[in-house]
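Now for the letters of each chain:
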Amino acid sequence: MTGTAASPTDTASVAADRGAVAEYALRLGDDALIAAQRWGEWISRAPELEEDVALGNIGLDELGQARSLLSFAGSILGRTEDELAYFRSDLEFRCCHLVALPRGDFADAVARLTVFAAYQLELYSALLSSTEPTIAAIAAKAVKEVRYHLEHGTSWTVRLGDGTPESKIRMTAALDRLWPYVAELFDTDDLEQQLVADGVAVDSSTLRDPAVGRITAILAEAGLELPSAPRVRGGGRVGRPSEHLGYLLAELQVLARQHPGATW
Amino acid sequence: MSVSNTSSEPHRDTELPDVTALAKLGIGSAALQGLSDVHAPAVGRDHPWIVRASDERSRDAAVIAGSIVDPEIPVLTVADLGVLRRVNVEDDNSVDVDITPTYSGCPAVAAMTTDIRRALVVHGYSVVRVHTVLSPAWSTDDMTEVARDMLQRFGIAPPGPAMHAGPVGLTLAVRCPHCGSTRTTESSRFGSTSCKSMWTCTECREPFDHFKTLH
Chain H
1 MTGTAASPTD TASVAADRGA VAEYALRLGD DALIAAQRWG EWISRAPELE EDVALGNIGL
61 DELGQARSLL SFAGSILGRT EDELAYFRSD LEFRCCHLVA LPRGDFADAV ARLTVFAAYQ
121 LELYSALLSS TEPTIAAIAA KAVKEVRYHL EHGTSWTVRL GDGTPESKIR MTAALDRLWP
181 YVAELFDTDD LEQQLVADGV AVDSSTLRDP AVGRITAILA EAGLELPSAP RVRGGGRVGR
241 PSEHLGYLLA ELQVLARQHP GATW
Chain B
1 MSVSNTSSEP HRDTELPDVT ALAKLGIGSA ALQGLSDVHA PAVGRDHPWI VRASDERSRD
61 AAVIAGSIVD PEIPVLTVAD LGVLRRVNVE DDNSVDVDIT PTYSGCPAVA AMTTDIRRAL
121 VVHGYSVVRV HTVLSPAWST DDMTEVARDM LQRFGIAPPG PAMHAGPVGL TLAVRCPHCG
181 STRTTESSRF GSTSCKSMWT CTECREPFDH FKTLH
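As they're listed, the protein sequences go chains H and B. For the first sequence, position 203 (counting from the first letter as 1) is numbered 203 according to our numbering, and the numbering increases by one without interruption. For the second sequence, position 146 (counting from the first letter as 1) is numbered 146 according to our numbering, and the numbering increases by one without interruption.
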């Protein structure tokens, strides 16, 4: 499936192992794709019409990033973006558990938006200098988009955290529910480290301090505290997906699987 | 919309959608153009994005490709919007066109790709390859002054002027495209398309779209 493009002995060249590069692009692209699907679920369910539009637009940005990243991974793996999006099982996806969590209430949406955008902002900022030109190009577009997402998440976090007693209780509870899944964003592994050495990838563990620093500052402005809940297992990047991913994929993939090859 | 999404199949006229029929049904940029009092100005060979074409032959094709309008904002040509990056005609009369999306997920890219291919095929180019390129990333600084003027006349407040990234984010007042007042407030940071936000004028009370500044 993945990781088969380069032979193990082919390590002398400056070019990174293409199979590893594809796997890395899948990790980034799957995060964006599953995030997009969750944001799309909010259309018609947000507390006000403008918020339907906002979360729909944020999902569209994530979908665009996903398409670019999956197309790039597919160009190495010999598969199309649609094949990767619609015809992989949950075990073949490489997204973190955080993006697959169920929709929850609006405070859950605001917590996830703020935390994930802070992570993506640091991630894409670091990837601007990736030695893989396509990843650097995708990051250059995406960084502008996620900066805007973070501004939106920040304004809502402050509004809810510093709002009514009820909104503060709900926002605090949402952050507590989300926090165990945040640590996985900053996990690194051998594949990533190999690509860090090639200059292709960023070491995820180095993103923790700047991203959590941003989140801490936002929460302070909102009168909220950084949660201290311990982490859960993780493993989304290496084929141990969230229990919620399969249900999400069933909805995402049903049409393509019922009508393979269908076009508009 | 993919990174190097390339559409290279040769198309015949008969296989292409009839935009006139679609316009009658109220679908697509042709219908929007029909509804608007304001129309995109012609793109000439001296247009700042067209003169970049490498030779005269490519410039001819660039005028045709560059005259295609944004399906959502039909007063903007792809040349004025700044998304047309390269047009090159080969010796065999095939054409390569590079366009860049405004936002990663902008669905208008697919429509613009189809429209560019159709226009070039109609003008006798047998094989048209439209590529989507991401680098350098598009910004509102790539728009021409004509584009800003057309947005204003179409009722959309244009993005702020070109400026260099600095340590301090600066938000300039957005002028109401209806009455010209700068007493305006943002009602939603997101709008009907990725590139717009929604505003209200406190002077004339009219709501309006603002094309977001993107650097």
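For the record, the hints were derived by calculation from the structure and aren't laboratory data. A few of these clues could be false.
[Said to hold, decoys possible] Heads up, incomplete: computed chain B residues facing chain H, CB under 10 Å, no partners named: (1) Y103; (2) P107; (3) A119; (4) V121; (5) G124; (6) S126; (7) W138; (8) R148; (9) G180; (10) S181; (11) R183; (12) S188; (13) F190; (14) M198; (15) T202.
[Unchecked claim] Capping the alpha-carbon separation at 20 Å, the derived lysine to aspartate or glutamate pairs in DMTMM-like fashion look like this: (16) H:K144 x B:D142; (17) H:K144 x B:D55; (18) H:K168 x H:E83; (19) H:K168 x H:E221; (20) H:K168 x H:E48; (21) H:K168 x H:D90.
[Unchecked claim] Far from chain H, by Cβ distances over 10 Å, these chain B residues were calculated: (22) D96; (23) D98; (24) T185.
Given the structure is predicted, the values throughout are model-derived calculations rather than measurements. A virtual CB, placed ideally from N, CA and C, is assigned to each residue, including glycine.
Hints, one by one, checked against the model:
1. The beta carbon of Y103 (chain B) comes within 6 Å of a beta carbon in chain H, closer than 10 Å, and the hint placing it at the interface holds.
2. Hint on P107 (chain B) holds. Least Cβ distance to chain H is approximately 8 Å, under the 10 Å limit.
3. A hinted interface residue such as A119 (chain B) counts as satisfied when its beta carbon comes closer than 10 Å to some beta carbon of chain H; here the least separation is about 21 Å, so the hint is violated.
4. Residue-level restraint check for V121 (chain B) is violated (minimum Cβ-Cβ distance to chain H is 20 Å; threshold 10 Å).
5. Residue-level restraint check for G124 (chain B) is violated (minimum Cβ-Cβ distance to chain H is 27 Å; threshold 10 Å).
6. Hint on S126 (chain B) is violated. Least Cβ distance to chain H is approximately 23 Å, over the 10 Å limit.
7. With a least beta-carbon distance of about 8 Å to chain H, the hint placing W138 (chain B) at the interface is held under the 10 Å criterion.
8. Look at R148 (chain B): its Cβ only gets to about 19 Å from chain H, farther than 10 Å, so that hint breaks.
9. This hint is violated: G180 (chain B) has a C-beta 25 Å from the nearest C-beta of chain H, more than the 10 Å allowed.
10. Hint status for S181 (chain B): violated, given a least beta-carbon distance of 22 Å to chain H, over 10 Å.
11. For R183 (chain B), the shortest C-beta to C-beta distance to chain H is roughly 21 Å, which exceeds 10 Å, and the interface hint is violated.
12. Satisfaction of the interface hint for S188 (chain B) is found here, the shortest Cβ-Cβ separation to chain H being roughly 4 Å, below the 10 Å cut-off.
13. Checking F190 (chain B) against chain H: minimum C-beta separation of about 4 Å stays under 10 Å; hint holds.
14. With a least beta-carbon distance of about 7 Å to chain H, the hint placing M198 (chain B) at the interface is held under the 10 Å criterion.
15. The criterion of a C-beta within 10 Å of any C-beta in chain H is not met by T202 (chain B), whose closest approach is roughly 18 Å, and the hint is violated.
16. For the proposed pair K144 (chain H) and D142 (chain B), the alpha carbon gap of about 15 Å is at most 20 Å, so the pair holds.
17. Distance restraint check for K144 (chain H) and D55 (chain B): the Cα-Cα separation of roughly 34 Å exceeds the 20 Å cut-off, and the hinted pair is therefore not satisfied.
18. As the CA atoms of K168 (chain H) and E83 (chain H) are separated by approximately 43 Å, the hinted pair breaks the 20 Å bound.
19. With a C-alpha separation of about 13 Å, the suggested pairing of K168 (chain H) with E221 (chain H) holds against the 20 Å cut-off.
20. Distance restraint check for K168 (chain H) and E48 (chain H): the Cα-Cα separation of roughly 19 Å lies within the 20 Å cut-off, and the hinted pair is therefore satisfied.
21. Simply put, K168 (chain H) and D90 (chain H) have alpha-carbon atoms about 35 Å apart, too far for the 20 Å limit, and the pair is violated.
22. Every beta carbon of chain H lies more than 10 Å from that of D96 (chain B), the smallest distance being close to 18 Å; the non-interface claim holds.
23. Listed as outside the interface, D98 (chain B) is consistent with that label: its C-beta sits roughly 13 Å from the nearest C-beta of chain H, beyond the 10 Å cut-off.
24. For T185 (chain B), the condition that its CB be more than 10 Å from all CB atoms of chain H holds, with the nearest at approximately 13 Å.
Violation of the numbered hints given earlier is confined to hints 3, 4, 5, 6, 8, 9, 10, 11, 15, 17, 18 and 21; the remaining hints are satisfied by the structure.
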